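Peer 1: Protein chains in written order, with the numbering used here: chain D, 49 to 121; chain V, 891 to 1281.
Some hints could be false.
[Stated by the list, open to error] Listed next, the stretches of chain V that the computed footprint assigns to chain D, with coverage defined by at least 3 CB atoms under 8 Å from CB atoms of chain D:
#1 1109–1117
#2 1237–1249
#3 1253–1263
[Stated by the list, open to error] Simulated pairs of lysine-lysine, DSS-like, Cα-Cα distance not exceeding 25 Å:
#4 V/990 <-> V/1075
#5 V/1224 <-> V/1049
#6 V/954 <-> V/1231
#7 V/1075 <-> D/73
#8 V/1049 <-> D/73
#9 V/1002 <-> V/1049
[Stated by the list, open to error] Here are the simulated distance ranges between beta carbons:
#10 D/82 <-> V/1058: 40 to 50 Å
#11 V/946 <-> D/71: 26 to 36 Å
#12 D/70 <-> V/1057: 52 to 62 Å
#13 D/70 <-> V/1216: 28 to 38 Å
#14 D/70 <-> V/1137: 54 to 64 Å
It is worth saying that the hints were derived from the structure and are not from the lab.
Predicted, not measured: the structure shown is a model, and the values here were computed from it.
C-beta atoms are modelled at their ideal positions from N, C-alpha and C, and glycine is treated no differently.
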Amino acid sequence: MMQRVVFTVVVLGLLSACSVEPWVKPYERAHLADPIMNPDRDPVSSAYLNHVHDAREGAKGAGLASGGGCGCN
Amino acid sequence: MQVWHRVVAVVVTRIFLGLSLLLVWQFVQTAAAAVLPEDRADVMYHSYNGGGVEVTGPSILLRKSFAKNFSGSYNYYVDNVSSASIDVLSQASPYTEVRKENSVNLDYLHDKTVMSAGFTASRENDYDANTSFFSLTQNMFGDLTTVTLGYSRGSNIVKNNNDPSFEATADMRSYRLSLSQVLTKDLLLGFAYEAIADEGYLNNPYRSVRYVDSSVPAGYAWQPEVYPQTRTSNAAAIRLNYYLPYRASVYGGYRYFDDTWGIGANTYSIGYIQPYGSNWLFDINYRYYNQNNADFYSDLFPYYDAQNFLARDKELSTYSSHQLGIGVTYMFAKNGFGFIKSGSANFYYNYMYFNYEDFRNVLDSTPATVGDEPLYTMSANVLRMFVSLWF
């Protein structure tokens, strides 16, 4: 298991050093740069909603970064 | 269970170290562009009202770049809490309290790498939380892929206002890997994995569990809850953003969660953003969440000290929730005004509905035998109003 993980990580690492020809050219990224495509357009606002979910739900993590505090009851 | 925890911790740490080394290697190898976050200021008013709990307050963010390669930010956040939740009403008295949070964050850009570090201090009269984090973000594959590795560590002090002699600690470590991938000129993929290890006093010193006690008129009595001292959780999330053939976007996501307390959870979300003219954005979204209960959760234990660990926190019960959100953004000063490059005024509203499947409403006066009370449900209204300025 561990060897497989290490192997995958090493292969990915070596691949990442290759000069990849980007299949989406810089001049084709106008849509991607539009604010409506930004998942974290307003960090203060999304961090707040994330905090509400953390306080009301048993699950946590893999969302946006958030600080400590309890927000219990 | 303990051995399993350690194996997971060791594997995660090693993978993390390996990836960190690779990123450092990339950092040495490559050159060209990554960017720092934009300079901006945000002032937000937030309000949560549901289940007898009202939480309001401001959040203020200031972010500014300096010395060419650095960007710093400061966030001030307040929760003014007024609580008469079902737990409070059934086990204690309504209360009010204030939580204040201060965060500082520093980003350093070098070629295709952004290194970030930050610290957050949260204070309330019975809970102190200090969290620090470090992360490394690397652009690769012709800037189509962005990988971030993050580590954060929290140290919390838990106190009890009813017992000045009580003080306990809880520590948190989080390892996070996230990836943003350009798939086509209209499609963006986001992936995140996070492992969190909590250790220490993880329950709420005020909350109790109930158990059958036929010697009292109510038929049940309360005893303090007892949680395990450790919790390890895993969460993996995926998200897609798609730019439609006209100027609008749809997005959807899924998150899987499980932990060593036996909780498993799924989160599904979907949304649509529609611009109107050049100044308006409308956002509508829906989110569904469900989870099963923790192994040691019960609405009603059969007797006092029925098992080693005891919980009756509704956030550890089996339940689902629906959330519907709408948002409006008005962009102003798009061509600049004085030192401001542009600005926006925003209003977001979320309606949440929670449907508990094994948490009963002990306050309901409907005649019922113990353990047969109606199941609890609640709704919440969440508001965010904020102004953002870019400069």
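Peer 1: Hint by hint, note whether the structure agrees.
Peer 2: Okay, the hints, checked on the actual structure:
1. 1109–1117: Since three or more residues must qualify, the claim that chain D covers the segment 1109–1117 of chain V is violated, with 0 doing so at under 8 Å.
2. 1237–1249: holds (count 4)
3. 1253–1263: Check failed, 0 qualifying residues.
4. V/990 <-> V/1075: violated (42 Å)
5. V/1224 <-> V/1049: violated (49 Å)
6. V/954 <-> V/1231: At roughly 13 Å apart (the allowed maximum being 25 Å), residue 1231 of chain V and residue 954 of chain V satisfy the hint.
7. V/1075 <-> D/73: holds (8 Å)
8. V/1049 <-> D/73: Roughly 55 Å separates the two Cα atoms, so the pair is violated.
9. V/1002 <-> V/1049: Violated: residue 1002 of chain V and residue 1049 of chain V sit about 44 Å apart, past 25 Å.
10. D/82 <-> V/1058: 40 to 50 Å: holds (48 Å)
11. V/946 <-> D/71: 26 to 36 Å: violated (48 Å)
12. D/70 <-> V/1057: 52 to 62 Å: Hint holds: Cβ distance 55 Å, inside 52 to 62 Å.
13. D/70 <-> V/1216: 28 to 38 Å: holds (36 Å)
14. D/70 <-> V/1137: 54 to 64 Å: 24 Å Cβ-Cβ, so the 54 to 64 Å window is violated.
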